[in-house]
Amino acid sequence: MLKKIIFQFLALSLIFTYSAQSAESGGMPQLNPEFWISQIFWLVLTFGLLFIILSKFILPKISNNLETRKSQIVENIETADKQREETEKKVREFDKIINDTKVEAKNFFNSERQKVLDDVNNKKLSLEKDIEQEIIKAEKEIDQLKKTSQEKVTKIAIETSSDLIKQLIGEDINKSSLSAIVEDLSKKEMEKHNGI
Amino acid sequence: MAANPMYQFNVYRIGPEIKINNIDISFTNASLFMVISSLAILIIFNLGTKRSIIPNKIQLLAELSYSFISKMISDTAGSKAKPYFSFIFSLFMFVLFCNMFGMIPYSFTVTSHIIVTFVLAAFIFIGVTIIGFIKHGIGYLKLFVPSGVPMVLLPLIVVIEIISYLSRPISLSVRLFANMMAGHTMMKVFGGFVVSLGIVGGWLPLGFSVALTGLEILVAFLQAYVFAILTCIYLNDALNLHH
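Protein sequences appear in the order of chains R and G.
For the first sequence, our numbering gives the first residue as 1, with consecutive numbering after it.
For the second sequence, our numbering gives the first residue as 1001, with consecutive numbering after it.
Since the hints were derived computationally from the structure, they do not count as laboratory data.
Among the hints, erroneous ones may be present.
Coverage of chain G stretches by chain R, computed from C-beta distances (three or more under 8 Å per stretch; other residues unrestricted) [said to hold, decoys possible]:
| id | segment |
| --- | --- |
| 1 | 1022-1033 |
| 2 | 1037-1044 |
| 3 | 1061-1070 |
| 4 | 1074-1087 |
| 5 | 1114-1125 |
Glycine included, C-beta positions come from ideal geometry on N, C-alpha and C.
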């Protein structure tokens, strides 16, 4: 709409200016063929040179730059990937080493503990043996002592009883009958003491 | 004289008259802006070829435009169009820079001349046709016979297809030329309004002028893009015969 009005105005003004400057210029300068050949010549020259210089020197450089950038980015991504893989591998190795060390430490600890326990056990056993021997020895001694003491006691009892009887009655008694009585009594006493 | 909105499109000679075999190829203001645009492209993109892994701003600009156009070509014409990348890149950049330099006040817009755009479009048309015949031989003519059309309609369709094919250079060149000319004329007209309405009433057209400048910068980019993408589409027709 606006363009239409402008064009109408343009046409009118053209008519007016044409009548005013008819000697100078006629309507659209574009349709004046005076400089057509010159324009074509210079267009071909400048555009041709532009095309040749752009296509031979400048555009290959730009495309080369873009290519190198692209390839460098790809390369960088590749190296980054590789390094990441390596890192993961290293991390795995590290984990493995830590695990191994843990297991080793555990094993070592266990074996040491076992050793200590064995040692303790051995010592305990030998101690127990010693103690048992001591006990047996002591029991033997005790038994011996018991035996001898009984005999002695019987002897003493016989002596004292014979002395007592001597003092009471004033005469000696057959020692063998006395000892038989004492033994019988002490046996009974022992049975009473040990038995029931 | 300067109030004439068409005056900005005048071509005039700069320096001496150069004639070869009676043909005038003098250096004009149009030639000057072609040279300036090409030099600007070359300087900017040459600065953008530094070999650094992390690009600076100009390098980023160059590499972004490279990938932008590369993507545009592969999207519209496929991977077979790779060899024509430099041509389409140069074409897009040339049209874009000519359009953009035209936005500077008192400069000259190279692409607002039908002869310039027509030469570009005709070159593309001829080139694409030659590529088509080289790739497909006489089979390239199948382009004019769409598949799945009833036999009755075929003569009509073929005629329409041929006309549309032949009008490609005209539509391509006129689109760019008309857009640039109309935009610049409009800006000139509004500028004229600002001057003639003065300090009292000139603010409204001034606002329009400012808005139009933004629009024209957009159009300058868009037309360069359209020019390049239509070239890609024509190239696609020639490279991948789909019919």
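Item to check | Outcome, coverage hint (the segment 1037-1044 of chain G, chain R; C-beta under 8 Å; three residues) | outcome: Result for this restraint: holds, n = 4.
Checklist entry - Are three or more residues of the segment 1074-1087 of chain G within 8 Å, CB to CB, of chain R? => result Since 3 is at least three, the answer is holds.
Item to check | Proximity test - 8 Å, beta-carbon atoms, the segment 1022-1033 of chain G to chain R, at least three hits | outcome: holds (count 8)
Next on the checklist: Verify this for me: three or more residues of the segment 1114-1125 of chain G with a beta carbon less than 8 Å from a beta carbon of chain R.
Outcome noted: As far as the segment 1114-1125 of chain G goes, the hint holds, because 5 residues have Cβ atoms under 8 Å from chain R.
Checklist entry - Counting residues of the segment 1061-1070 of chain G whose CB is closer than 8 Å to a CB in chain R, do you get three or more? => result holds (count 4)
Checked against the numbered hints given earlier, this structure breaks none of them.
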